[in-house]
Every structure is written in structure tokens, then in C-alpha cells.
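Visitor: The lines below spell out each chain.
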Amino acid sequence: MKKLFTYTILIIGAVVFIYPFWWMLAASVAPQTSIGNLTLLPESVSLDSYSQVFNKIPIARSLFNSLFVSLTVTLGVVTFGSMVGYALSHLEFKGKNLLFYIIIFTMTLPFQITLIPQYILMVKFNWVDSYFALIVPYFLSGLSIIMFNQYFKTIPKDLIDAARIDGCGEFRILFRILWPNALPAIITVGIITFMTSWNEVLWPIIVIRDDNLMTMPQLVTLFAVGGRAESQLGVKLAAATLLAIPVIVAYAFFQKYFIQSMASTGLKE
Amino acid sequence: MKTKKAIPYLFIAPYVIHFLVFISFPVLFSFFLMFNKWNIIAPMKFVGFQNFYRLAHDHLFMQSILNTIIFLVIHIPLQIIVALFFAVMLSKKVKFIGFFRAAYFLPVVVSGVVVTILWQQLYGYEGGLLNRLLVSIGLGKVGWLVDPKIAMPSIALMATWKNVGLYIILFLAGLQTVPQYLYESAELEGASSWQKFRYITLPMINPTMFMVVILSTIGGFSLFIEPYVMTGGGPLNSTLSAVLYIYKQGFFYYHMGYAATLGFFFAGIILVVIFIQRRYIEKETG
Numbered sequence: 087m088k089k090l091f092t093y094t095i096l097i098i099g100a101v102v103f104i105y106p107f108w109w110m111l112a113a114s115v116a117p118q119t120s121i122g123n124l125t126l127l128p129e130s131v132s133l134d135s136y137s138q139v140f141n142k143i144p145i146a147r148s149l150f151n152s153l154f155v156s157l158t159v160t161l162g163v164v165t166f167g168s169m170v171g172y173a174l175s176h177l178e179f180k181g182k183n184l185l186f187y188i189i190i191f192t193m194t195l196p197f198q199i200t201l202i203p204q205y206i207l208m209v210k211f212n213w214v215d216s217y218f219a220l221i222v223p224y225f226l227s228g229l230s231i232i233m234f235n236q237y238f239k240t241i242p243k244d245l246i247d248a249a250r251i252d253g254c255g256e257f258r259i260l261f262r263i264l265w266p267n268a269l270p271a272i273i274t275v276g277i278i279t280f281m282t283s284w285n286e287v288l289w290p291i292i293v294i295r296d297d298n299l300m301t302m303p304q305l306v307t308l309f310a311v312g313g314r315a316e317s318q319l320g321v322k323l324a325a326a327t328l329l330a331i332p333v334i335v336a337y338a339f340f341q342k343y344f345i346q347s348m349a350s351t352g353l354k355e
Numbered sequence: 015m016k017t018k019k020a021i022p023y024l025f026i027a028p029y030v031i032h033f034l035v036f037i038s039f040p041v042l043f044s045f046f047l048m049f050n051k052w053n054i055i056a057p058m059k060f061v062g063f064q065n066f067y068r069l070a071h072d073h074l075f076m077q078s079i080l081n082t083i084i085f086l087v088i089h090i091p092l093q094i095i096v097a098l099f100f101a102v103m104l105s106k107k108v109k110f111i112g113f114f115r116a117a118y119f120l121p122v123v124v125s126g127v128v129v130t131i132l133w134q135q136l137y138g139y140e141g142g143l144l145n146r147l148l149v150s151i152g153l154g155k156v157g158w159l160v161d162p163k164i165a166m167p168s169i170a171l172m173a174t175w176k177n178v179g180l181y182i183i184l185f186l187a188g189l190q191t192v193p194q195y196l197y198e199s200a201e202l203e204g205a206s207s208w209q210k211f212r213y214i215t216l217p218m219i220n221p222t223m224f225m226v227v228i229l230s231t232i233g234g235f236s237l238f239i240e241p242y243v244m245t246g247g248g249p250l251n252s253t254l255s256a257v258l259y260i261y262k263q264g265f266f267y268y269h270m271g272y273a274a275t276l277g278f279f280f281a282g283i284i285l286v287v288i289f290i291q292r293r294y295i296e297k298e299t300g
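Read top to bottom, the protein sequences are chains A and B.
If you're matching positions, the first sequence starts at 87 in the numbering used here and goes up one per residue.
If you're matching positions, the second sequence starts at 15 in the numbering used here and goes up one per residue.
Note that these hints are calculated values from the structure, not bench results.
There's no promise every hint is true.
Unchecked claim - Here are the in silico distance ranges between beta carbons for each label pair:
#, chain 1, residue 1, chain 2, residue 2, range
1, B, E140, A, V102, 16 to 26 Å
2, B, T191, A, P270, 41 to 51 Å
3, B, T191, A, T240, 13 to 23 Å
4, B, F45, A, Q346, 34 to 44 Å
5, B, P217, A, S137, 51 to 61 Å
6, B, Y268, A, T240, 14 to 24 Å
7, B, F99, A, M87, 14 to 24 Å
8, B, F63, A, P117, 56 to 66 Å
9, B, F46, A, F261, 33 to 43 Å
10, A, M87, B, P249, 40 to 50 Å
11, B, F43, A, F261, 50 to 60 Å
12, B, S199, A, P266, 44 to 54 Å
13, B, L153, A, S137, 30 to 40 Å
14, A, K88, B, G152, 25 to 35 Å
Stated by the list, open to error - Which stretches of chain B does chain A cover? Using the computed rule of at least three CB atoms under 8 Å from a CB of chain A, they are:
#, region
15, 164-176
16, 196-207
17, 254-267
18, 270-277
Idealized CB from N, CA, C, for every residue including glycine.
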């Protein structure tokens with residue numbers, strides 16, 4: 087009896103979290119006039135809303151922009167984050183403690199304080215309407231450094247010393263010996279960074295005005311807010327569905343990694 | 015083993031450069047901007063404390079902070095209750111736990127923009143799914159996004175739906191650290207389910223609670239995209255969040271000096287709130 091209650095609650099919960107996405111998908115392929123009555127299945131299927139999205143905004147280009155920006159940022163964060171994490175965990179240098187405190191401090195600094203001056207910096211660098219503005223300010227993150235530092239500390243010093251005796255340079259040690267032994271940390275940092283970069287909207291809205299350089303979430307946001315969707319529900323929902331699909335597909339394949347990685351942002355605090 | 019002295023600095027150089035250019039310079043520049051009036055195009059003009067005077071008399075900014083706090087006050091407790099409830103359900107050795115976790119986590123991975131556009135339709139006054147549901151069970155329509163009293167709670171409800179999956183996972187991990195023997199000995203003493211929850215589970219998961227509160231506070235203070243897409247800050251500025259207001263001052267009106275002042279001030283509020291939470295929760299844990 088108690089079990090039955092538990093399962094009923096859990097299933098209701100699953101419906102509450104999944105059904106709205108199903109409704110969105112159904113509404114995006116339903117004829118415009120029937121969305122107001124739609125509950126489960128559309129009366130007939132039409133791809134009209136999608137063709138309108140493709141005609142009105144460069145959505146395919148924005149997918150490329152988003153992938154390019156998020157992948158580059160992720161590559162930067164993993165590379166530089168692991169470099170600093172390695173220096174903190176296995177190298178000796180002056181000012182190590184200071185550096186550590188600075189990193190912790192920047193992690194607690196609210197972004198609201200740097201928003202305006204960072205924009206001005208972009209204007210002065212002439213980076214407004216360029217990929218640089220979307221990538222370079224995000225190239226390093228305190229969280230990734232802390233995570234790599236913690237993970238590298240679990241790797242025995244003997245392994246590194248042995249490599250040094252064999253004449254390995256520090257860069258080789260990091261990329262050839264530590265990286266292959268730190269795959270869980272790389273996956274975690276990679277997923278968190280990619281997702282954060284992919285979902286960022288406020289910053290792109292501020293620094294990108296050219297349709298062809300916009301990220302996908304940004305383009306879809308401005309499409310929904312501005313007049314271009316002409317307040318047609320189906321078209322807005324089709325744009326939102328297109329934005330959701332890449333992430334949902336990735337999530338379907340790697341759901342365990344997604345959950346572990348994103349939950350570990352909190353767990354490592 | 016000794017390495018060449020310069021090598022470590024080579025490793026940290028990218029961070030140091032990044033920190034100087036993209037963090038310390040902006041913070042210092044922001045401080046400088048507070049005493050100036052500037053629209054980026056015309057030359058900067060020193061105005062002394064004028065921005066501070068203006069801030070102190072800016073009712074709209076005060077309202078935007080109040081709105082953000084209203085959001086937090088609804089969102090955080092609601093999120094904790096719902097997350098804890100589902101986490102407890104999932105911790106009861108249920109089958110298909112992988113499926114349920116994945117389902118609850120789905121809105122967490124999907125972009126906030128998607129969720130916002132979707133919920134804007136669900137919240138529609140005429141023909142929105144929620145109102146149709148209410149009418150079909152004989153209740154009246156709710157002005158989810160059009161009633162100034164309800165609009166912010168509606169946004170808080172949606173944000174809870176979007177984020178709660180993450181907190182379910184965090185609480186579930188926290189629950190698994192509670193030693194089973196505590197429950198067993200409590201059962202021997204005849205404790206009820208509620209007593210076990212109140213006096214064993216809750217104190218034991220305090221570290222998780224702390225993290226959930228801090229994470230959702232930081233998230234809540236950056237509320238932007240939801241009101242930006244759904245309401246534009248309306249009706250009657252009831253969903254104007256502080257970040258949305260700073261954004262408008264900076265990028266609609268190009269009041270860079272004033273927007274920087276608002277950003278500085280608001281960041282101060284965030285740090286104070288988090289500091290108080292930290293102190294309070296540390297005291298509670300002992």
C-alpha cells in the first residue's frame with residue numbers, strides 16, 4: 087500500500103516534468119489555429135511553423151555559432167584550468183597561497199559588478215559583434231581550477247617524479263600523464279563549462295547585435311521577444327523546440343554524466 | 015624533485031592575465047565609473063556623488079530589489095520542500111530510479127530560454143494549458159502573468175520546476191550519507207516517521223541544505239531571462255528584477271555610470287545576504 091503511494095507520487099512527478107516538453111513538441115507541429123485546444127496529440131501534423139523559423143532567422147548559422155563558441159570555451163577552460171590546477175597541486179612557486187585566495191575570491195564575486203565594465207572593455211577592444219567577446223572572457227574559470235586542483239591531488243606524487251626522472255617536461259607530464267588519469271575531472275569540467283556557455287543569454291544579448299553572429303539561445307530569445315515571430319505561438323514553440331533538441335539528444339545518450347557533473351558543482355562547494 | 019623556477023609561472027600566467035584584464039580591471043573601473051556620467055560615445059563627465067544620490071531616490075531600483083527578494087522568498091522554500099519530498103520518495107529503494115532521476119533532471123539541462131517560452135504559453139490567460147485545466151475542473155481562470163500580484167509568484171513557480179531536479183539529486187546524495195543504524199535505533203524507541211525525519215534526517219542533511227540555500231540564492235539574484243522574455247518586467251513593474259533593471263539602465267538608456275553604481279550596490283547586497291546565510295546556518299549546525 088505504502089509502495090503504491092510512493093510510485094503514484096513518483097509517476098505524477100515524472101509526468102509534471104516531461105509532459106510540458108511533449109506539449110511543446112506537439113504544439114510546434116500542430117496547425118496554428120488548433121494550439122489553443124491541444125492537450126496530447128495534434129489533429130494533423132504540419133512542419134509549417136518550422137519552415138517559418140528557418141525563413142525568418144538564421145537558425146542553422148546560430149547553431150554553428152553556439153557549438154563553435156561553447157566548444158572553444160570548453161577547450162580553453164579544460165586546458166588552462168588543468169594547467170593552473172596542476173601548478174597549485176604539484177608545483178612549488180612563490181605566491182601560491184595568494185593565488186589560491188584570489189581564485190576563491192573571484193568565485194564569490196557576483197557577476198553583476200563586472201557586467202557594465204566588461205562590456206566597456208569589449209567596446210574598447212573592438213570586440214562587440216565578434217566571437218572574441220563570447221569566448222575570451224570565459225576562457226578561464228575558478229571552479230574548473232579548484233576541481234582540477236582537487237582531482238590532481240589524488241594522483242600520487244611518485245608517478246610525476248618518476249616521469250621527471252625520465253626527463254619528461256612539465257607540459258608533457260600534464261598532458262600525457264595527468265590528463266589520461268584525470269578523465270572523470272575532465273568530463274565533469276567539460277560538461278559544466280559547455281552547458282554554462284551554451285545556456286548563457288545575458289552576455290550575448292549585450293555584446294552581439296549581428297544576427298549572423300548570435301548564439302542559438304540568444305537568437306531564439308530575441309525572436310520570441312521581438313516582433314519577428316508575429317506572436318504566432320507555433321512558430322515561437324518551433325524555435326524553442328529546435329533550441330532544446332541538441333541538448334536533449336546529448337542528454338539522452340550521456341544522462342548519467344550530465345547528472346553527475348552538474349550535481350558535482352554543488353557537491354564540491 | 016626540483017623543476018626550473020620559471021615553469022610554474024608559465025602555468026599560471028594565463029590565469030593571472032585573465033584575472034587582471036577581465037576581473038580586477040573591471041572591478042576597479044566600475045568603482046571609477048560610479049563617480050562619472052558616461053554614455054560611451056560622449057566624453058566622460060565627473061559628477062561626484064550624484065549617482066549615489068540618484069540611487070537613494072530611485073524607487074524603481076528599490077522595487078526591483080524587493081521583487082527579486084519576493085522571488086527568492088517564494089522560490090527557495092518551495093524548492094527545498096519539493097526537492098526534499100521527491101528525494102525522500104526516491105531514497106525508498108524504488109525500482110526504475112534511473113528513469114525517475116533522468117525525468118526530474120530533464121528541465122535542468124534544457125536552456126532557460128526554452129523553459130521560459132514554453133511556460134509563457136502554459137501561463138496564457140486565454141487558451142493557456144493551465145487555465146484550461148482549471149476551467150475544466152470547474153475553477154476560475156488565473157491571471158498568471160497579467161495580475162501584478164501573481165506574476166512574480168508564477169515566475170518563481172516556473173523557476174522551481176526548472177531547477178528542482180538538480181536539488182533532488184543533491185538531497186538524494188545527502189540522504190545516502192545518513193547512517194541506517196540511526197533510524198533503526200529510533201524505531202526501537204518507537205519514533206514515528208515524522209519524528210525520524212525531523213530529528214534524524216533534517217539535522218544530518220544540514221550541509222546539503224546549506225549548499226542548496228546558497229546555490230539557489232546566487233541563482234535567484236541573477237534572475238533576468240525569465241522576466242525579460244515573459245513579461246518585460248511588467249505588469250506594473252511587478253516582475254522587474256534587479257538585473258533586468260541594471261540591464262535596462264546600461265543598455266537601453268546607456269547610463270553607464272549609473273548602471274555601474276547599481277551593479278556595485280547590488281553585488282554588495284548579494285554578498286551581505288550570503289554572508290548572513292552562512293553565519294546563520296553555521297550556527298544552526300553548531
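Visitor: Are the hints correct? Go through all of them and say.
Guide: Right, here's what the structure says about each hint:
1. E140/B - V102/A: 16 to 26 Å: holds, 23 Å
2. T191/B - P270/A: 41 to 51 Å: Since T191/B and P270/A have Cβ atoms about 20 Å apart, the given range 41 to 51 Å is violated.
3. T191/B - T240/A: 13 to 23 Å: holds, 20 Å
4. F45/B - Q346/A: 34 to 44 Å: holds, 40 Å
5. P217/B - S137/A: 51 to 61 Å: Distance hint for P217/B, S137/A holds at roughly 58 Å.
6. Y268/B - T240/A: 14 to 24 Å: violated, 50 Å
7. F99/B - M87/A: 14 to 24 Å: Since the Cβ atoms of F99/B and M87/A sit about 19 Å apart, the hinted range of 14 to 24 Å holds.
8. F63/B - P117/A: 56 to 66 Å: holds, 60 Å
9. F46/B - F261/A: 33 to 43 Å: holds, 41 Å
10. M87/A - P249/B: 40 to 50 Å: holds, 47 Å
11. F43/B - F261/A: 50 to 60 Å: Because 36 Å falls outside the window, the suggested range is violated.
12. S199/B - P266/A: 44 to 54 Å: holds, 46 Å
13. L153/B - S137/A: 30 to 40 Å: holds, 38 Å
14. K88/A - G152/B: 25 to 35 Å: holds, 32 Å
15. 164-176: Contact hint for the region 164-176 of chain B vs chain A: violated, 1 residues under 8 Å.
16. 196-207: Not satisfied, violated; 0 residues make the cut.
17. 254-267: Coverage by chain A holds for the region 254-267 of chain B (6 residues, Cβ < 8 Å).
18. 270-277: holds (count 4)
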